[in-house]
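Colleague: Next come the chains, spelled out residue by residue.
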Amino acid sequence: MKRRQFIASVGGAVLIWPFAGSAQSPDARVRVLIDRILRMQAEAIAEKVDHFIKEVEGQVGWVTETVSAGGLERRRLDFLRLLRQVPDITAVSHIDANGREQIRTSRLAMDELTSETDFSQDLKFTQARANKRYVSPVYFRKQSEPYITLAVAAVRGDVIVAEVSLKAIQGMVAATQVGDHGVAFVVDSRGRVIAHSDMGMVQRDFSDLAHVQAAHIAGSIPTIQAVRDINGRQVLANYAIVARPTLTVFVERPTLRVFVELPVEEAMK
Amino acid sequence: MVAWPVASRAQQSGILTLPKIGFLLAGSLDHCLPACAAWRPSNTGGVSAPSPLAAGIFNELHQLEWVDGRNAIYEPRFSAGDFKRLPSLAADLVGRKVHIIVATGGATTVRAAQEATSTLPIVGLADDMVGSGLVASLAQPGGNTTGVSILASELNAKRVELLAEMVPSARRIAALAQSKSDPSLPRVAAAAHERNMELVVFEAQGLDRISDALAAVSTAGIDAINVLASAILYNGRHAVLDQIAELRLPAIYQWPEYAAEGGLMGYGPTQASIARLVAEQVDRVLRGARPTQLPVVQPTAFTLAINLKTAKALGLTAPASLIARAAEVIE
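Residue numbers (this note's numbering), protein chains in the order written: chain B, 1 to 269; chain E, 1 to 331.
Extracted from the complex, chain E is given alone in its bound form (with noise of 0.2 Å):
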């Protein structure tokens, strides 16, 4: 293994050059390690939601031994959920001479970054890595970037068959997604279709749009919504967790934890296990592995977290099939 030369010189030395890791990040961070308290964002007029996934990259971080201030410099950004302020968060980062940008912030983060450099190694985490032409192939990435795809196409779908078994009398369902282009929609149709439901597209293309989003859903005579894995979506959270509770709609989501919250049920990887994996891919592009030729990773644990109080609420009797899958159960 060649061990890459800023960190191992670093590392021997323990003097001068520590590896800069550049974060790129959608949404903020109202709550990590002391070691960021200083990169608490300005303006993100309470309306994004503190990103746990951030915060458990930066502890994972630490973990290996990357730690911020000893023998790392940590430069994160955060976008707060505004897109338009990615280009030069970016610009910024490659002037700073950081040595990787880690752009979690799903595929526009991820092109913001590449579109800063083509240089500097990149570690993205997108819902589709290859899908969105980040990346080459998950085997052999080609360029600069490498990183983690959360295979949100097949999951999205999956979702579907899993709000169908909590409520089975759902005909109309809705799909709550960034944007309507969003190449999960075929298989998150065709998965309704097959369970003969109907699926509604709505769209909420920034934090600002997330309310009218959903009052649109409010209108349409829905009786389940897919909440699709996003940026925008994950940043404003807690206002589509509100909003949903109000308009009592049974939900899945993309991630477990949001049963946690008061969600109905959320399936997917968990945050913790997705900040885990992207923190081994900047591990091993500190240590000298090259992303041309890194692999990009993808989950292979999924987690069903159901809150039963939520259902209660709702009315709704979680089926033994769910509760057998379910590795947890908010009671």
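This is chain B alone, in the form it adopts within the complex (with noise of 0.2 Å):
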């Protein structure tokens, strides 16, 4: 076989392929390639929500330092201060050691001090209390936008809970260029779509797809390749996991278009 050469544009960038002959065909080969890139792909966006939740998880960390000094004003003052500062956290609540809210915080509903409402057995108390730490399943407010439950442990066992919009993810999802018409999006562990390159496709159903199937068998071992998207078209997909909240990245590729930019086989014949 004559050495060849292979032109892929790949994510923008154009790779030249000296091809001198191997056990494996070209295609595979660009596949490998393409595939590598995808994961990176999905992996640059997992990194972002990762850093993003952590930095959350920081500012309200940083109310649990201070949440035993002063009285209920002092604490409120607080609590207030961390909204302002993080637009993503829409309110704030302090639960006592015994599970009973003191203050709750929020830039919608109605603030409440010393509620007394009994959270003793909910998992976000229970939870933060035993792990230091806890994340909520995604959930939709009033069916529109994607947030989490954050608890984080302070000191005498009293925990700080903050709702949490996931809306930035969508940001970062958009911001991702995946080829000419490629797509990246997040699911949560059920398989919704919390953020798409088609904002459209938001809150759709994604569980029954092959790919987002396997990422959930395979845990964190991307294997992905050729598979069909929601609209049944030939994709190359990869994808990267978020630990907390459970959260999956795929980024994919149609087949087709990647194909077709390389001289085939059969026209080399």
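Everything labelled a hint here was simulated from the structure, so no lab data went into it. Virtual Cβ for every residue (Gly too), placed ideally from N, Cα, C. Heads up, none of these hints are tricks.
Over the 10 Å line for every Cβ pair with chain E, so calculated as not near, a few chain B residues: (1) ALA44; (2) ASP50; (3) PHE52; (4) GLU57; (5) THR126; (6) PRO137; (7) ALA153; (8) ALA210; (9) ILE241.
Reference listing, derived: stretches of chain B covered by chain E, where coverage requires no fewer than 3 residues with Cβ under 8 Å from a Cβ of chain E: (10) 65-78; (11) 85-94; (12) 142-148.
Each chain sits in its own coordinate frame; assemble them with the hints.
Modeller: Written out as structure tokens, the structure is:
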């Protein structure tokens, strides 16, 4: 076989592939490369999401340190400052060591002092106490915007709870360009879309997609290649995992689009 | 993603069919980008204020590269606060074969667009898109309308709390509404009662009613006023702000920007942020998203702005809790 050059336009970069004959077909080798690029793009988004959650958590952690000092009003001021500093937090509350809510401040709902609402059996209280921190599954506020509940243990068994908007993730996904016709999206643990290059897909149920199921089973070892996307088109896909909350970031590129740019074996005969 | 045929054809060939964006706007536009200068409304009688919201939407659309005269054609129509003009303005847009209608003057304006067409995509901006029956649900709008819903009920009630913090002595507060059947009023009343205040509702159904409504407020022994989210009160905001200043009434408004215009305080999403959300929805539709399944978005960022000069003039001291919450404090 003669030495040939294969040229693929991948993610804006032109890769020159000097192919000198091997057990692998050129298609397969280009696929491996594209697969790697898709995985890197998925990982980049996952890292941003992870960083975002940790940032918010750090900000909430800051109020856990002062929660024991000062009276109710003083603590409420700290909470209000937290709301001002972190736009992604919609509400923050303080549950005392007995599981009773002492303060609740919100951007939308009315603030409450010493409501004494009992959260002692609530996961956000019990899990935060047991594990220092609790991150709820994603929920959709008013069936529109994705949120998580983030609870952090404070001193003396108190717990600080923040309701955190995940809208920022939509921006991270939208900012990722996947070739000309590729998409990126993020699904929650049930396969529901919480962010997508095409916002019309948000909240759709992707749990039936083979690669969404495979990612769920395979855990953190990305192994996916050619699959069908939500519209039944053949795509190459790869993914990355965000641990808490449990999210999976997918990046897909149409198979056809990828290979139409390549010299096909047939054409070269 | 399926590209919208007209938009993609225009972008690829650079000829002929540019997407035509119809705007159905409450209020007027006394200042805008040069491109929209031709659309100055003729007879607003100087009552209706210019709309930073409309100007903001044009501006954001330019940012998203839907530039009037270059790769889009804008067809703005201003009702100048006169709802009776809406049906003919909407019909005019449909007659001119626009590809999308952007209706931002609240529920009445969005409904006027819906009555003019059940097929053209509509991007609406309203206080409560679901509560007003404009869409089936936020997640799945279900018809030809999607858009932005601004959580008016919750925010109108939340403003009661902030007003009470600013004026702890208040016992009797007013809600100035566009209509006594404003769906947020039960929540607003409940919020007032929770803080041991009585709520009295005043109504201004048109721009020409604002003055009488506030005159009624002035004789009702009111300690503070909550000016509810409303297209009429937005368009007539200069009259509202001026008259409330004359009455020396502590007031809270829908938009944070009012504090810079002399209002005591404003709480909610900024007009700039809402303009962005609307423009993004328009962009998605022009790029092929179908309103029936394009979720209605809600703002998540809310700003408290306080004008301390106004507070001082009213003999009020903003408490630490409000200062801590405020993103903007005008000294």
